[in-house]
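S.K.: For the protein sequence lines, the chains are A and B, in the order given. Count along the first sequence starting at 1, add 485, and that's the number in my numbering. Count along the second sequence starting at 1, add 475, and that's the number in my numbering.
If you are wondering where the hints come from, they were derived from the structure by calculation, not from laboratory data. Treat the hints with caution; some may be incorrect.
To be verified - Short derived list, chain A residues pointing at chain B, Cβ under 10 Å: (1) Arg524; (2) Arg577; (3) Gln708; (4) Ala754.
These numbers come from a predicted model, not from an experiment. Here a beta-carbon is modelled for each residue, glycine too, at the ideal position from N, C-alpha and C.
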Amino acid sequence: MGVLITPAMIGQVVISGLLAGSIYALVALGLGLIFGVMRVLNVAHGPLMMLGAYTTFWLFQWFGVNPYLSMLLSMPLLFLIGVVLQRVLVSRVVDAPELSSLLLTFGISIALVNLAQLAFTSDLRSVEFLTGSFVVGPFALSKPRLAACAFAVAITGASFVFLRSTRLGKAIRAVSQSREVAQVCGIDVQRIHLLAFGLGSALAAAGGSLVAVMVAIQPEMGQVYTFKSFLVIVLGGAGNYPGALLGGLLLGLVEQLSSLFLTTQVNEAVAYVLLVLVLLIRPTGLLKGRV
Amino acid sequence: MKRPVVFAALLLVAAVALAAYPLGATGYGVRVMLQLFMWVALAQSWNLISGLTGYVSFGHVAFFGTGAYVSSLLIVKTAWPWPLACLGGGLAGALLAVIMGWPCLRLRGPYFAIAMLGLNEVLRVIASYYEGLTGGGNGLSLPTLDASVAIYYAMGLVAAGVTAVTYLIVTSRFGLRLMTIREDEIAAEAMGIDTFRYKLYAFILSGIGPGIVGGLSARDQGYIEPISVFPLIMTITMIVMALFGGKGTIWGPVLGAAVLFAFQEAVWARFTYLHQLLFGAIIVAVVLLMPRGILGVLQQKYNLPRTI
Chain A
486 MGVLITPAMI GQVVISGLLA GSIYALVALG LGLIFGVMRV LNVAHGPLMM
536 LGAYTTFWLF QWFGVNPYLS MLLSMPLLFL IGVVLQRVLV SRVVDAPELS
586 SLLLTFGISI ALVNLAQLAF TSDLRSVEFL TGSFVVGPFA LSKPRLAACA
636 FAVAITGASF VFLRSTRLGK AIRAVSQSRE VAQVCGIDVQ RIHLLAFGLG
686 SALAAAGGSL VAVMVAIQPE MGQVYTFKSF LVIVLGGAGN YPGALLGGLL
736 LGLVEQLSSL FLTTQVNEAV AYVLLVLVLL IRPTGLLKGR V
Chain B
476 MKRPVVFAAL LLVAAVALAA YPLGATGYGV RVMLQLFMWV ALAQSWNLIS
526 GLTGYVSFGH VAFFGTGAYV SSLLIVKTAW PWPLACLGGG LAGALLAVIM
576 GWPCLRLRGP YFAIAMLGLN EVLRVIASYY EGLTGGGNGL SLPTLDASVA
626 IYYAMGLVAA GVTAVTYLIV TSRFGLRLMT IREDEIAAEA MGIDTFRYKL
676 YAFILSGIGP GIVGGLSARD QGYIEPISVF PLIMTITMIV MALFGGKGTI
726 WGPVLGAAVL FAFQEAVWAR FTYLHQLLFG AIIVAVVLLM PRGILGVLQQ
776 KYNLPRTI
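Please model the complete structure; the sequences and the hints are all you need to start from.
M.R.: And the structure:
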């Protein structure tokens, strides 16, 4: 290729990959939660994330709220929106063939993007908060990415503890393993569905708030995260929650590594090629999920 | 026997009227109608695989885009006459269906849908990357040619052709097998149906129409670029048209395409800034209120056959 690739470059790329991957994992965990519990692929996941990013932006713009603190508002807000969406629309297609839920959430998705365009215009917005990077030896660590990674890991970790150890978390896992048996055990399945969609949306919002500091905010910013989240849960194994973490980190690494060899344009396709390949070779995901 | 005769007579009248239409119409009118034919062909093609077998192709525009690029390249680089080049686009669609269907049709449920979605994105990036061949993001311009009327007839033929193929399939053992796969694939296998083979046949047939139509549309527009021929929204539009009319039926996609297209021309054009919001609302309404489509409702009410 003519370009010399030094070990330092690879180290840098691995770091960037893990930093980016932690956000993918966080957002995809939300999608995976919804998919695992209801078998609904939420195409509107990215736009929900976009709403989280805008919440952070406006709080910062109007009141100067610290973007990381704004998660305390963006997450509950999106939790509520998620619950309402589930209650009013998504709950009606949970048992329908996948075409219904795909189309329904796509409809929600374009409606949300259009609403955001009307309300916030399509102007690119940014939150000027943390800038610059730490330099450690030969590596540069961008401050907002580092902070985002720390928060993403903390929130993902907290979600795992919640799913593993609390009664509600266990109920969620029970419903995703077998709805009928969970119901027989006295779990209110409808309530768990509401909770799952709410939590999934809140995790998307957290991701949105975190990337708000790093990238330009605009109504269509979310779509690409929808597709990447699809890939992450396919990689990790659908319905396998720790798999989302592994899948997210792996996607971040692969994207960054391939950026050493490929142009930006082609790099966009790496995620999709990976998606199609994983589906063909190991549709159960790397950690075993359910097909 | 009376009803089919009346129906056939009506069809004949409609065909003659549509064939005579360009004689008295404006250039604009012809181009509007040719787009309607395009949507009929696309919705009907999607119906062939997804309506009949239940496998949701969430990236069906991939065939359209591939057809558009292959035909345009044949016209630009090898100077083939456009009708032949568009047939080449159809062949490319069929080929793509084999390449993608061979592995992907083994995936079930949402995984097939995701794989098709991914495929479409990959193709779009490929089209933007190979600049030397496709012109990349700058697009590809075709030599100027005024052939709207000829393209009108060609589009009409494709729309009629795909509908005729659907009719032949639905009324045959092949169609019965496809619908058995849709209702219960495991049971279909247990009855000795080679499900994979029939799914692949249906998939190939559903790739030809969009391939040809993609070529015709490229010839009509005179210019293509990756984002204009591989948009996800186009896949969704054909799905919603088929669903609105009645998926898995012969006339549903035709009806759905006609109604939604007319609605689009009459209403949407005036609210461009609300376009997506309205379309989103229509999708949600169709999915929740009439998942079986107009024909599904009529069938239940008047006890008609399910595949009409």
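S.K.: State for each hint whether it applies.
M.R.: Results of checking the hints against the structure:
For A/Arg524, the interface hint holds, since its Cβ comes within 10 Å of a Cβ in chain B; the closest pair sits about 7 Å apart. Proximity of A/Arg577 to chain B holds as hinted, the smallest CB-CB distance being about 6 Å (cut-off 10 Å). The criterion of a C-beta within 10 Å of any C-beta in chain B is met by A/Gln708, whose closest approach is roughly 9 Å, and the hint holds. At its closest, the beta carbon of A/Ala754 sits 4 Å from a beta carbon of chain B; the interface hint therefore holds under the 10 Å criterion.
In summary, the structure agrees with every hint in the numbered list given earlier.
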